[in-house]
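> Okay, here's what each chain looks like letter by letter:
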Amino acid sequence: MTSSAILQAINGTSLAALLFLLASGFTLTFGLMRVVNMAHGAYYLLGGYIGLTIAERTGSFALAIVGGGAAVVALGYLIDRFLIRHTGENHLAQVLLTVGVAFVIGDVSLAIWGGDSLKVPTPVFLRGAMELPGGLVYPRYRFVLILFGVCVGAALWLLYRKTQIGAVVRAGVDDREQVSATGINVDRLFVLVSALASFLAGMAGVVGGAFLTLYPGADWEILVVALVVVIVGGLGSLGGAMLGALIVGLLDAYGRWLLPEFSYFVLFGPMAVLLLVRPRGIFGRES
Amino acid sequence: MRNALRVPLALAALAVAVLLPVAAGPFWTGLLTQMYVFGLLALSVDLLLGHAGLFSLCHASFFAVSAYTTAILQVRHAVPTALAAPAGLLAGTLLGLVFGFAVRTRGVYFILITIAFGYVVWGVAHRWSSFTGGDNGVTNVPFPDVGAVRVESHTEYYYLVLAVVLLCALGYRLLVASPFGLTLRGIRASETRMRSLGYHSGLHLYAAFVVSAALASLAGVLYVYYNRFVNPVAASFPISVEAALMAIIGGTGTIVGPFIGSMIILWLRNWVSSFFELYASVMGLVFIAAVLWAPQGVVGLVGRLRARLAGAGSG
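Keeping their order, the protein sequence lines are chains C and R.
Under our numbering, the letters of the first sequence match residues 1 to 287, in that order.
Under our numbering, the letters of the second sequence match residues 1 to 315, in that order.
Some hints could be false.
As the list claims (entries may be wrong) - Here are some chain C residues the structure puts well away from chain R; computed CB gaps all over 10 angstroms:
| id | residue |
| --- | --- |
| 1 | 63 |
| 2 | 70 |
| 3 | 123 |
| 4 | 192 |
Said to hold, decoys possible - Under 7 angstroms between C-beta atoms, here's a sample of chain R residues computed to sit facing chain C:
| id | residue |
| --- | --- |
| 5 | 9 |
| 6 | 14 |
| 7 | 16 |
| 8 | 18 |
| 9 | 55 |
| 10 | 104 |
| 11 | 105 |
| 12 | 116 |
| 13 | 123 |
| 14 | 127 |
| 15 | 128 |
| 16 | 281 |
| 17 | 287 |
| 18 | 292 |
Source of the hints: derived by calculation from the structure; they are not laboratory data.
Using N, Cα and C, we set each Cβ at its ideal position, and we do this for glycine too.
Turn these sequences into a full structure, and let the hints steer you where they fit.
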């Protein structure tokens with residue numbers, strides 16, 4: 001019992017690492033550009049599929065991660081530049097438009113990669129199980145995923161808090177016009193942040209596809225969970241995405257374990273509490 | 001001119017609707033029934049979208065919960081329609097009372113929370129297979145049979161749906177023209193101003209949400225007797241977005257708009273999927289096109305056209 005509880009904690013944390021990759025991009029794009037991009041789940045799935053093909057052709061997992069991410073960056077740029085840009089700050093229009101984009105991406109992916117669950121092949125040194133102290137045995141891949149998530153989180157945090165680009169982005173989140181008035185090219189900043197978000201989503205697809213597998217519908221499933229992360233953490237907050245991912249990841253793992261038929265219901269809990277106590281999320285601010 | 005044309009137009013449309021099953025045959029009768037049912041769902045979404053300014057993406061939940069409740073009662077427990085249908089309506093409305101707390105948020109937060117709510121319901125329908133039948137759902141739902149009203153064919157059911165939808169449209173018209181409807185539009189225009197005038201905006205939005213959920217639930221009951229089965233697809237996200245899309249394509253804030261939108265979308269789906277496999281892509285492109293080129297919908301386009309004609313005529 002206790003050992004299962006511990007294993008579920010690790011399961012939850014590794015899911016949290018994956019959710020963070022997706023939610024951080026979503027939340028930063030919203031924070032800076034006020035853009036709600038519902039195609040993020042589709043970016044995840046497409047990046048995963050492209051990474052899968054790369055991994056099968058070249059046998060390199062690292063190349064798959066970079067390739068999957070880069071392909072989504074290119075596509076994301078076009079969608080941003082030619083479609084989302086036209087919606088201004090109308091969130092309703094953004095949601096409908098990007099849902100449409102997600103439908104197209106999902107459908108075309110189905111035509112290319114088919115309807116079966118596919119698994120991104122992992123390198124040999126990440127396969128198999130490892131022993132943890134206390135005699136517990138755990139899949140090595142998911143353990144490394146936690147480390148990977150922590151590294152990406154730390155890198156993002158450093159970029160956001162300690163570099164000049166990060167300072168400009170933070171300033172942009174607070175007051176875009178003011179930043180623009182100081183002579184900083186806000187447009188270029190937007191392209192940069194949106195490319196980063198796309199890369200994170202595509203990379204998450206490859207990393208997640210190696211243990212959650214890729215299938216039609218996986219795009220929406222992961223997106224909704226990432227949305228709950230963002231809602232709980234507070235839109236636009238990187239720290240919120242971290243904390244939210246951890247809360248949702250752990251709840252999901254324990255939910256699947258204790259109440260398998262109602263595992264989706266578990267997501268409802270934190271949102272309900274939040275609606276009653278803090279409608280804008282833990283780190284959310286009044287707009 | 002506008003009002004003079006309105007009554008004959010409505011009567012003509014009603015005459016066409018009544019005569020169509022005779023003229024068009026069973027295929028179109030079925031498709032039209034579906035168009036009315038989804039038009040009603042789109043209308044329920046539009047009460048929030050077109051009047052209160054809230055964009056809900058969880059209306060498939062109310063639709064599906066009422067459909068499931070009615071189907072399970074009727075099929076598994078042999079409960080008569082006279083009880084099963086109201087029970088479905090009630091179940092969906094009760095869920096609306098719970099989900100209605102989403103009105104504590106506005107804008108993007110409201111959209112995202114309703115998406116997540118909707119997903120929870122889909123997940124339960126999909127996973128709780130011992131009760132909901134999993135992906136197979138609940139099958140063999142009979143035609144409704146309420147004492148004097150005993151439906152025995154698709155054509156008869158068509159008339160029943162037509163009558164219910166017309167009654168709803170009339171009620172809806174009274175509702176949006178009432179002080180309540182005016183208050184909703186006032187909140188959409190400026191919530192702070194309505195508050196300072198003494199209106200409890202949160203309570204009004206909550207009430208609108210519940211009424212809208214009840215309307216969606218009614219559509220769910222009509223749906224399950226038409227479809228004769230219900231599975232998790234009814235609760236899925238695409239149903240919620242498509243309902244919103246129907247309202248937007250037809251024209252938000254109107255009564256005919258959602259029905260026109262429903263007819264366009266369902267006709268398009270039927271037509272496209274008969275020769276093209278990538279149906280979902282076409283749907284996606286419709287979403288994109290609607291946002292970029294027709295944000296006011298068909299009703300808006302007609303209005304603009306008419307304004308231009310009137311301008312040309314008088315000037």
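> Are there hints from earlier that the structure breaks, and if so, what are their numbers?
5, 6, 7, 8
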